[in-house]
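J.: At position 4 of the sequence shown the residue is numbered 4 (the UniProt record's numbering), and the sequence of numbers has no breaks.
Take the hints with a grain of salt, since some may be wrong.
Claimed, not checked - The list that follows gives simulated cross-link-like pairs (lysine to any residue, SDA-like), each with its CA atoms no further than 25 Å apart: (1) Lys24 / Asn66; (2) Lys167 / Ser127; (3) Lys167 / Arg14; (4) Lys22 / Thr120; (5) Lys22 / Ser127.
Honestly, the hints are just simulated from the structure, not real lab data.
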Amino acid sequence: MTVAVETGTWQLDRTATTVALKHKTMWGLVTVKGAFTTVDGQGEVRADGSAVGTVTLDAASLDTKNAKRDEHLRGSDFFDVANHPEITFAVRSAELRDGDQVQVIGQLTVRGISRPLSFTARLGDASADAVTVHAEFSVDREHFGLGWNQLGMIRGLTTVTAALRFKRSAV
1 MTVAVETGTW QLDRTATTVA LKHKTMWGLV TVKGAFTTVD GQGEVRADGS AVGTVTLDAA
61 SLDTKNAKRD EHLRGSDFFD VANHPEITFA VRSAELRDGD QVQVIGQLTV RGISRPLSFT
121 ARLGDASADA VTVHAEFSVD REHFGLGWNQ LGMIRGLTTV TAALRFKRSA V
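Modelling step: build the complete structure from the supplied sequences, incorporating the hints.
T.: So this is what it looks like as structure tokens:
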């Protein structure tokens, strides 16, 4: 069964949205987890059912529950929030496929570096006025200038998970 999503403009519901990441550190012995507390976004579902839009993260809002680590992540070794306050994902195309699968093609920009990114998301509960999209994908932080790696402690890919709740905008 394929779920239809109403055409029109959709606004991200900040209170019902989560974007988190996890990455192994300390030579793979510790998994650091964090969540962005400030997320914004909007999208448009076109008449053909495809969607476009943007999700924006406040890079300084990353909370790993460790103030010292968070401060380091905001600095020039990592996100460099003084010069690059936002992380953006521009959705060029999102198309509903079999059942609840959504093929997403877009561009991720971190630290002013943009790279293409595509993945399969899942459409969660959907109604005429709200829809949730669940996604999980991996990124190589070095592709975005986040190469700091003292003593080789940080290896592998960063996993990003998101539950994005959109509400239909009033016409």
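J.: Hints first: check each against the structure and report whether it holds.
T.: Status of the hints after comparison with the structure:
Between the alpha carbons of Lys24 and Asn66 the distance comes to roughly 15 Å, so the proposed pair stays at or under 25 Å and holds. Of the pairs offered as hints, the one joining Lys167 and Ser127 holds, with about 9 Å between alpha carbons and a cut-off of 25 Å not exceeded. A threshold of 25 Å between alpha carbons decides the hint, and for Lys167 with Arg14 the separation of about 10 Å falls inside it, so the pair holds. Using a Cα cut-off of 25 Å, the hinted pair Lys22 and Thr120 holds, with the two alpha carbons roughly 19 Å apart.
The straight-line distance between the Cα atoms of Lys22 and Ser127 is roughly 31 Å, outside the 25 Å bound, and the hint therefore fails.
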